[in-house]
Amino acid sequence: MNETITNLWSIPLLIVIPILTAIVVNLLYNRGRAIRAVSIASAAVLLVISLVSPYGFQWFTGQPGVTYDGTYTFNANVFSWKLSLEYYYGPLQQIMISVMSFLLLFVVAISTKSLKKNFGPYIALMFLTYLSAAAIMMVNDFYHLWIAVEIGSLLVAGLVAASGGGAAQKAALKYTFFSALSGSGLAIALALILGITGYANITDAINSVRINDLSGMYNVLYVSFAFLMLSWIYAGGLAPIHPLKSDVYRSAYPHATVMLQTQSKLTLVAIGLVLLRMFGTLPFAREAMLSISILTMVIGIVMALIQTDFRWILAYLIVSHSGLVTVGISLGTFRGIVGGLFQAVNDVIYMSLLLVCCEMVLYFGRGTSIKFSGGLAKRAPLLTVFVILGTLAASGVPPFNGFQSELILIQAALEQGLPEVAAVILMVSVSTFIALFRAIYSIFLRPGDELQQGSERFKLPGTTLMFLVALVAITLVLGIYPQLALNFLTESALKVVFVPWVP
Amino acid sequence: MDIKELKGIRGIIAAIALVIIFAGVLSSFMQLEGNVTRGISEEYNKLAYRVAPNNLASWVYDYRGFDTLIETGVIYVGAVVSVLVLGRGLVGLKGVDDEERVVAEPMDLKTETMPVLLKYFALPVVILLVSYGLLVVTGASTSGGGGFQCGVIVASAYLLSVVIYGKRSPFNLKKKTLIAFGAFGWGLYTMLGLPGYLTTNYWQYNVGADLWSWVPSFPGSVPEVLRTVFGEPFKLALELKEGVFYATSGIIPLINIGEAFNVIGAICLIFFAFIYGWSDSEEGSGK
Amino acid sequence: MMVFPAAMGEITPTVVAFLLGIAIGTQFVARLSRRTTLLILVMSVVAAFLFEAPIHTWSLLGGVLAEHVSFALPFISATIGLLVGSVLRGSRRLE
Numbered sequence: 001m002n003e004t005i006t007n008l009w010s011i012p013l014l015i016v017i018p019i020l021t022a023i024v025v026n027l028l029y030n031r032g033r034a035i036r037a038v039s040i041a042s043a044a045v046l047l048v049i050s051l052v053s054p055y056g057f058q059w060f061t062g063q064p065g066v067t068y069d070g071t072y073t074f075n076a077n078v079f080s081w082k083l084s085l086e087y088y089y090g091p092l093q094q095i096m097i098s099v100m101s102f103l104l105l106f107v108v109a110i111s112t113k114s115l116k117k118n119f120g121p122y123i124a125l126m127f128l129t130y131l132s133a134a135a136i137m138m139v140n141d142f143y144h145l146w147i148a149v150e151i152g153s154l155l156v157a158g159l160v161a162a163s164g165g166g167a168a169q170k171a172a173l174k175y176t177f178f179s180a181l182s183g184s185g186l187a188i189a190l191a192l193i194l195g196i197t198g199y200a201n202i203t204d205a206i207n208s209v210r211i212n213d214l215s216g217m218y219n220v221l222y223v224s225f226a227f228l229m230l231s232w233i234y235a236g237g238l239a240p241i242h243p244l245k246s247d248v249y250r251s252a253y254p255h256a257t258v259m260l261q262t263q264s265k266l267t268l269v270a271i272g273l274v275l276l277r278m279f280g281t282l283p284f285a286r287e288a289m290l291s292i293s294i295l296t297m298v299i300g301i302v303m304a305l306i307q308t309d310f311r312w313i314l315a316y317l318i319v320s321h322s323g324l325v326t327v328g329i330s331l332g333t334f335r336g337i338v339g340g341l342f343q344a345v346n347d348v349i350y351m352s353l354l355l356v357c358c359e360m361v362l363y364f365g366r367g368t369s370i371k372f373s374g375g376l377a378k379r380a381p382l383l384t385v386f387v388i389l390g391t392l393a394a395s396g397v398p399p400f401n402g403f404q405s406e407l408i409l410i411q412a413a414l415e416q417g418l419p420e421v422a423a424v425i426l427m428v429s430v431s432t433f434i435a436l437f438r439a440i441y442s443i444f445l446r447p448g449d450e451l452q453q454g455s456e457r458f459k460l461p462g463t464t465l466m467f468l469v470a471l472v473a474i475t476l477v478l479g480i481y482p483q484l485a486l487n488f489l490t491e492s493a494l495k496v497v498f499v500p501w502v503p
Numbered sequence: 001m002d003i004k005e006l007k008g009i010r011g012i013i014a015a016i017a018l019v020i021i022f023a024g025v026l027s028s029f030m031q032l033e034g035n036v037t038r039g040i041s042e043e044y045n046k047l048a049y050r051v052a053p054n055n056l057a058s059w060v061y062d063y064r065g066f067d068t069l070i071e072t073g074v075i076y077v078g079a080v081v082s083v084l085v086l087g088r089g090l091v092g093l094k095g096v097d098d099e100e101r102v103v104a105e106p107m108d109l110k111t112e113t114m115p116v117l118l119k120y121f122a123l124p125v126v127i128l129l130v131s132y133g134l135l136v137v138t139g140a141s142t143s144g145g146g147g148f149q150c151g152v153i154v155a156s157a158y159l160l161s162v163v164i165y166g167k168r169s170p171f172n173l174k175k176k177t178l179i180a181f182g183a184f185g186w187g188l189y190t191m192l193g194l195p196g197y198l199t200t201n202y203w204q205y206n207v208g209a210d211l212w213s214w215v216p217s218f219p220g221s222v223p224e225v226l227r228t229v230f231g232e233p234f235k236l237a238l239e240l241k242e243g244v245f246y247a248t249s250g251i252i253p254l255i256n257i258g259e260a261f262n263v264i265g266a267i268c269l270i271f272f273a274f275i276y277g278w279s280d281s282e283e284g285s286g287k
Numbered sequence: 001m002m003v004f005p006a007a008m009g010e011i012t013p014t015v016v017a018f019l020l021g022i023a024i025g026t027q028f029v030a031r032l033s034r035r036t037t038l039l040i041l042v043m044s045v046v047a048a049f050l051f052e053a054p055i056h057t058w059s060l061l062g063g064v065l066a067e068h069v070s071f072a073l074p075f076i077s078a079t080i081g082l083l084v085g086s087v088l089r090g091s092r093r094l095e
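Chains as they are written, first to last, in the UniProt record's numbering: chain A, 1 to 503; chain B, 1 to 287; chain C, 1 to 95.
Be careful, since some hints might not be right.
What the hints assert, rightly or not - Heads up, incomplete: computed chain A residues facing chain B, CB under 8 Å, no partners named:
no. : residue
1   : L20
2   : L128
3   : I151
4   : S369
5   : I370
What the hints assert, rightly or not - Quick look at which bits of chain A chain B covers, simulated, 3 or more residues with Cβ under 8 Å:
no. : region
6   : 76 to 86
7   : 221 to 235
As the list claims (entries may be wrong) - Cut-off 25 Å, straight-line C-alpha distance, at most; resulting in silico cross-link-like pairs (BS3-like, lysine-lysine):
no. : chain 1 : residue 1 : chain 2 : residue 2
8   : B       : K94       : A       : K113
9   : A       : K116      : B       : K94
10  : A       : K459      : B       : K94
11  : B       : K241      : B       : K46
12  : A       : K116      : B       : K176
13  : B       : K174      : B       : K119
14  : A       : K170      : B       : K7
15  : A       : K117      : B       : K175
16  : B       : K94       : A       : K117
17  : A       : K174      : B       : K119
18  : B       : K94       : A       : K170
19  : A       : K116      : B       : K175
20  : A       : K117      : B       : K174
21  : A       : K117      : B       : K7
22  : A       : K378      : B       : K94
Rather than coming from a laboratory, the hints here were simulated on the basis of the structure. Yeah, the Cβ is synthetic: ideal placement off N, Cα and C, and Gly gets one too.
Bound-form chain A, shown alone (with noise of 0.2 Å):
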């Protein structure tokens, strides 16, 4: 909390090196092996980078800030309205961040190796992913906040387009086309706060609204709240927009996916600290968020009971979890932010595991719809074990991480006295069960025609194993020991509640 060095040497490499790294694997076009090498490197520095860095802040291009009394200053615990562009890496960031990496350098790795030729300028919008939430997380302006929202979504229609089908296509124009409404709504709340406030800073806005007398200006507080509220809903595929958002986790690899679910939850975590922060205080506020985050994860785990179709399943699952995500957020006490911080983190980590056996489930098998019988156990018993372990770990069964997160969100909801919300995730963890064990059950176990004839057993790619075997020791760890995740996020909740100023 008492960070005081504002020229932190890693957060410009955390930016500029996927930067850097998109540029030359776009130029390398339809070199295979020169562009597996630079990214898998720069995925693998990214990573250590996050895990090795210090905490504290960049004021990028080095402008101070400027005191009461109209001197400079560097030092980030002095009181100051910052000229420059602020980001912040602190713990929560840390642990985000580097377990955004670790994704990145294994979706890396394993889609070098499993697409067709030309997939330079797939890489590069892959590690530009990376960068957008990276920088949404770590950022504390408002105006930033609009244009690293602004190119994840780009990104996001880039993704899922460049997997070619025609519904892919149709699917990323839909998402481009509305989720301009995202980046727009944030530009409006943007031009409400600055005007109302003067400062693009999330922390000095704060600040003036605290310091200035702003009773009469309700009005504006609240449209831009209702703006960045949407951008939030837009951004993350919260309730009313699930299916675009479903549609695009969908219609891109299952690879691919990982990253934009990475991206969207990192998304709905930063924003929603945002929106706490700056109008938490607002009568309403947060019972509006948490209505809207209800909303999405009833009707999420409703829609994914529904499908015929793994990978449609992961989709609205992934929708739903999202809910769990922000209900924890919108609770706004101590206990709901540390679980929606935490779920956010295992979520993002077993949903990637299952993610990762859809895309093996799409070369041994015939497909993901769950129409026909795979029998898809016999000739793959380790992918099986794998996929029946996220399984678990989604539906929060102990020893598994989901269930660490989900304990600590019904306790908040019961600690504010909402049995219903608790009872609601409750519901929302049961049936995550039952829909993803019914296609798992079609897929995998239930005695299937022609595939179950041939004899020999598919074999898992050594990465893709690796990758499993190491998601589902970190499922484990976090499960067993969840005080490891904890250490990290309960400062941030602890600054979020009593200290909203400080990033």
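Go by the hints and put chains B and C onto chain A.
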């Protein structure tokens, strides 16, 4: 969405939502009238004389320079994605049968009926337009222009050339050149952050102008040689009513050159893909 | 009238425009007739006069002859750069 879908209950809901949004935004703008807080912009104005002669350039490329880097990225990504939709870099999984690919056909451009007069005058106009673009980019720190504008002007020159002369246009940008332009532009902008980063750990610190080393709490220091290399070439004598100041915009003009190349590459690439279509086997333009 | 610039910033844009002109000029494939070349040069001088020298330039090398009589030298040098560039590369006569 079909317009027919907007009839009935959906349309009514949409209309009500629009009215609510409109009322909300309008009322909050009315409430803001006369109550706008100046905030940080006052501080920016106070510092105006010390950096670029043009205040706007120093806002966009210095105080918020990193913002603009990511915005440049939006344009770059926009081009990559647009062209990707038309066929550059569509991917498929090995061993998985997938659907038919969407392939963009080249545009059917007929220029035979163009009057000779137009053909005669178009080339000088194209050349002068490009010169104008370059004038705009070199005046980035002193005028209202800059990299974005230069890029758009040059792209319009390219479009004009293609419209008048058809596919065998004299302003013959090849697709590899365009992709290289975009990459060079964004790469140059990104890498111009490096000198500041290496000396002060602040990314994109304007080493040429070196505004802040005198502040006691400023970490790091800028070596004289960097200050000269990036600062001297763009130093100007500003005669203001407060006196004569020698100020330099430092890396801002260089950043604008990167920006210009990025925008030329991106926008021309989109034009290119629509006009020539996209096929990975042939070069396309002007052969 | 000042001949030499008070600061380097007055002539750097001219040089930069010339170099960028060559870079983009190499992308032109058209051999221009002498008359067209002359036309372009004259037009560029006229345009440069209309645009006037950039603000904060004071010297002849920066393009200032007198107050209100000045030339945007970057424009002229960019045009020359473009012509030089297209000569370096140009091979095809315009149909």
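| request: Check each numbered hint from earlier against the structure, then list the numbers of those it violates in ascending order. | output: Violated: hints 4, 5, 17 and 21.
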